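Asks: Line by line, the protein sequences give chains A and B.
Take 1 as the starting number for the first sequence in this note's numbering and just add one per residue.
Take 1001 as the starting number for the second sequence in this note's numbering and just add one per residue.
In short, the hints are calculated from the structure, not lab data.
Just so we're clear, the structure is a prediction, and the values are computed from it rather than from any experiment.
Each statement offered as a hint is correct.
Listed next, the in silico EDC-like pairs over lysine to aspartate or glutamate satisfying Cα-Cα at most 20 angstroms (straight line):
#1 B:K1064 / A:E112
#2 B:K1054 / A:E66
#3 B:K1361 / B:E1398
#4 A:K2 / A:E37
#5 B:K1054 / A:D60
#6 B:K1054 / B:D1176
Example chain A residues on the side facing chain B (calculated, C-beta under 8 angstroms, incomplete):
#7 H63
#8 F65
#9 E66
#10 V68
#11 V98
#12 L114
#13 V117
Glycine is no exception: its CB is placed at the ideal position from the N, C-alpha and C atoms.
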Amino acid sequence: MKAKDLLGRHGEDLAVGYLETLGMLIVERNWRCSEGEIDVVALDGDVLVIAEVKTRRSLDYGHPFEAVGPDKLARLHRLGAAWCRDRELRMPLRRVDVIAVVDDGGGSPVVEHLKGVG
Amino acid sequence: MALGRTWSVALVGLNGYMVEVEADIGQSLPAFVILGLPDAALNEARERIRSAAKNSGIPLSRRKITANLIPASLPKRGSGFDLAVAMAALRAANDIRPTGRTVFIAELGLDGRLRPVRGILPAVMAAVQAGYPDVVVAQANLAEASLVPGANVSGYRTLARLVLDFGADPQELALDFEPDDADDDPGASGEAAPCPDMADVSGQGEARRALEVAAAGAHHLLLTGPPGAGKTMLAERLPGILPDLEDHESMEVTAIHSLCGLPSSQVQLLRRPPFENPHHTATAAAIIGGGSGLPRPGAASRAHRGVLFLDEAPEYERRVLDALRQPLESGELVIHRSAGTAAYPARFQLVLAANPCPCGKASGKGLDCTCTPIMRRRYLARMSGPLLDRVDIQLQVERVSLADFGQGGAEEDTASVARRVRDARQRQVQRLGPLGLETNSQVSGRVLRGELRLAPGVTRILDHSLERGILTARGYDRVLRLAWTLADLGLRDAPDANDVGQALALRQATAAAA
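The following block holds chain B by itself, in its conformation from the complex (with noise of 0.2 angstroms):
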């Protein structure tokens, strides 16, 4: 029988499906049909996997080869396929033995080597999960594909290796080909930048506070003040005061970097919090993803599990910072797309920085600055108030003194912060995981008012803000969330009265001042 089946994967967002291949050899002159809604790059690959065939030595069938990638309505992309189809059509000329329930990812040289390709991981996950443990992929994919527990995977340099190992006759095989691996590493960047340290940055004790609260509670954070207090600077040491990734947080960013291509000298699981920092021109696209076909992660999905700085925040269009209000809630993007729909993660901690007005002049008493009362109000008034209810603490920063400045290195650094909080993270941990939950910023509202209520003495001063109309009902969960994360830090079982005040001021700092 002339036809041959094996095993792919399609990755729509990061969700992984199985593809059956198929393909078929007719008594017909010579063609190489792909059908399955392939895309461009999917079609490209007769001429790769007709050339790749020849040059190891293991020709393809000089007739009509009909492949057929099974679920015909789930639209294919890229050259992941290659290898699957090349395997199908071989099997199919009765070149090889049959394949079971190997699953092939990798794209075909021209010379017959294996090429790596981008988001290997999440397909691997898929494999494992679906039932396929068994996973050949390219040489320098390995690593990373052997990342996902359960996996079985075999990693070859070249076609003829692989389908030597396939009971190919070893007769014709191009075995003493050996392509040089760094050919395949255009992306080799090195190891990433160290965090900067917190001994870096001079006085600012309430910046740094602030800062200290968002790490351990995971709250979003707004940060105003003159250009050159040193906003950047802040947010810039936020994910080194962060905890390492779990395990499984760990995978999830993994398996998006993976997507985007990781370098490959960076293929390991990636531990620390990513930290993400688009400019301030980027389109609604390039932050929460998009792209034409089916949709790609964007700054918002890299940044998942870490930070998302947004740094000059009201120069953003304001489409942008709104379209960041459902990730914000839900943890969560969808994005439809003309070829689909991809759902990427989002939980990132977000850090807005601001300058008080267009020209950056108008804090302390605002004696230089020239814009005009409305230019101030309208400048501000471009993060929504939908947006900056969500953000827990909301802080300004007010250029160093010279006193401060003078005494350099006599700051904390980040890895005495950093132990604080984690073990504030840990207090969380105990008293949030039997609701399911990791960090007191997700607390529900419900949770924060039944089992988390407190003493009424405790709560008066916001109830009287409540009633007053200074705080929205959600911003009041919202300074509850931070009284806890400040209780937390302090190794209190419950935030006290000073807590809920603290947390107030953190909430309402810039209000007050617009």
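One chain only, chain A, in its complex shape (with noise of 0.2 angstroms):
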């Protein structure tokens, strides 16, 4: 595994542990299909959460939450309804979070977390 997947292997950990401390819970991880990957599928109560994580060991080059567009918002509307599909799960109720996570090795990792976005 390259040094860039391992942090964002790592990154994705910490997303998901702080996202079961919401009390949601994890349905699936690192979902593919040919339109992209999916990081974290959860459950909100009765609320599907496609979660996207960004992890970064500084904001030299950006906040991670910067390094996701327009263009990516989009897509992972359409892997929610993809995901969906695959599942033959009806979910009418679907949100898209992005997490960032920015984690200099210091041990204190920061995890900001952005609901319902775009």
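Starting from two chains that each stand alone, build the complex the way the hints lay out.
Replies: So this is what it looks like as structure tokens:
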């Protein structure tokens, strides 16, 4: 595994831990299809949450949130629909969350969470 | 509460309107939106503000920032809102304390320096009038902004220094950054060239006299004569013999020139009457003001309280000349464009210069002239009757004779003529002050034939001309105005028949020749 993938994996682990503390139920991680990948699929009550996790070691190249542009957001919404079709589920209540993890390795990673974007 | 509020000023022409800037930070992906009809320059402020804040050590929130400029329906232009938007965004993030009624007007550089903007003088005047005397501007604008009486202006060089004074945490701020002011001074051109002296004009006694009368009563002037007679030379010397501007005039003139972008080395109240000398290919928009979006002042407004000199007047487009009729009557130009209407003052003294015909040789006996009579008539007819009717003094300037040319240096200099002009102006203020007027050229026909009515014997020659149809009713009034100025220069309390006769001669010189 490359270093950047390791960092991403580490960030996703932190994000999942964080979502669980919020009382969300983690349904699936790293679901892939031809259109792309969903980092985390979770349930917040009866709302299906499609979560994108962005991890950075520092803010030198911008904040993780800034890496999620309009194209990426649109794709996340499409992936949410694709996931429902794949699982043959009807989940009318869906939202996309973005989670930013900044971990400089100093032992105090910062996790920020934006609910229901785009 | 993630909401910040600051104040700034939007200029529409010379009128400033207070603009409230709100900034809201929303829980959403990073974005920066500016609402309230921003133009391209103001929309680019988003990038300037983000970089300036980051490089000042006080980065903006990584969330969605929405800035709203109120009233939303008023179009906002230019970079002067940068600072107000930045301060509102920083306040919304609680990085600084509330800024209250302080007004912010400055452009931001990417490195966090505050840059000067145009039109700071009218903007600060508007803020003070609206009851917002505390104004923050760029250091390079401080001198100009401080000209406004009653304003409490502070100048800053960098955003970091400014936010420090508004309670930002000094730990992270880039306080050791001190930009060099010289960088902001591209237009430094040194002192304005001094006005040329009357002593340089050889001979031309009649023309010198006409120039003095024009200056004393603020009368418009037409000079016709062959090339090389000295028409341009005379016109350029008119501003020199005009009196200094009064305080309120000085503010008006400085405000217009501030809007056009004063070189910062000249940031002081303009005390001398301006002189505008546009080229004869100038368009109507260049002379009376215009441009896309909100209209900018043209040469006529830049010549406000000074001299607008149109050399080779018949070469101008007729449309352009006729566009001057409105400001000649009202002293104001109202210009409509898509983004709004602007009114600029334009109470200038008009000086027209013209050759007698296209080839320029038709003066005197005109034996060398190659123009046909039709060509000659058409040439001068390009200056329309209604325009010339507003020109009090119409003078023919002849080539200087050898006798006059030989004795150089014997002529009166600008200072002595200016002294007589000043005295004549004072007499006018004393007489016309109670009527709310300043110069003879402003007196209406009703007043001339009412409060200032002359004895019937004095105006006999005029009545005769009017009867014979040589003078229009408006022309009659113009001659009376000139007669009053001649009396003022001669230190007489009212014009006598001689003054009236001279006035008629000054007015009719070309009319008789044409």
